[in-house]
Amino acid sequence: MCTLNESQRSYNMSQIKSKDTKPEIILRRYLHGQGIRFRLHGKYKKEILPGKPDVVLAKYKSVINVNGCFWHGHKGCKYYRLPKTNVDFWKWKISRNKANDILNTHKLNEKGWNVITIWECDLKDKREETLKNLLLLLSEIKP
1 MCTLNESQRS YNMSQIKSKD TKPEIILRRY LHGQGIRFRL HGKYKKEILP
51 GKPDVVLAKY KSVINVNGCF WHGHKGCKYY RLPKTNVDFW KWKISRNKAN
101 DILNTHKLNE KGWNVITIWE CDLKDKREET LKNLLLLLSE IKP
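Using my numbering, count along the sequence shown one by one with no gaps and you end on 143.
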């Protein structure tokens with residue numbers, strides 16, 4: 001049972017960050033510790049890449065998106081649950097986010113970029129495994 005009224009819920013949702021989230025910080029600290037340099041929020045040379053990916057690895061011609069399980073509708077994830085109120089809005093919002101993810105991935109691929117998606121839950125539940133797999137994946141991409 002939700003104990004917040006509509007204005008309290010609205011305020012809480014408005015305070016959720018879209019940049020520099022905890023999962024992004026975990027990823028960035030790990031990459032930096034491994035000596036891998038990157039740019040943030042889609043910046044590459046003087047252009048902003050489609051979808052403003054969280055991390056840009058120019059050396060690998062790759063980008064990393066750290067997706068929040070709720071905001072991007074991560075199927076089968078214990079952290080994704082559709083709210084019980086305003087259901088139509090949330091279905092629309094999350095489906096629009098998913099469609100934008102697909103569109104931006106397509107645009108990036110067309111420009112020659114590799115797109116890597118890391119889910120918030122993987123950085124919570126399987127952090128070491130996820131980060132090691134990321135390093136392995138990057139080692140397979142020729143700089």
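You may find that some hints are simply not true.
[Unchecked claim] For lysine to aspartate or glutamate, the following EDC-like pairs were computed, each having C-alpha atoms within a straight-line distance of at most 20 Å:
(1) Lys132 <-> Glu110
(2) Lys22 <-> Glu110
(3) Lys22 <-> Glu140
(4) Lys52 <-> Glu128
(5) Lys52 <-> Glu129
(6) Lys59 <-> Asp125
(7) Lys59 <-> Glu140
(8) Lys91 <-> Asp101
(9) Lys45 <-> Glu140
(10) Lys46 <-> Asp125
(11) Lys75 <-> Asp125
Think of the hints as simulated: they come from the structure by calculation, not from any bench. None of the values given here were measured: they were computed from a predicted structure.
Hints the structure fails to honour: 1, 2, 3, 4, 5, 6, 9, 10
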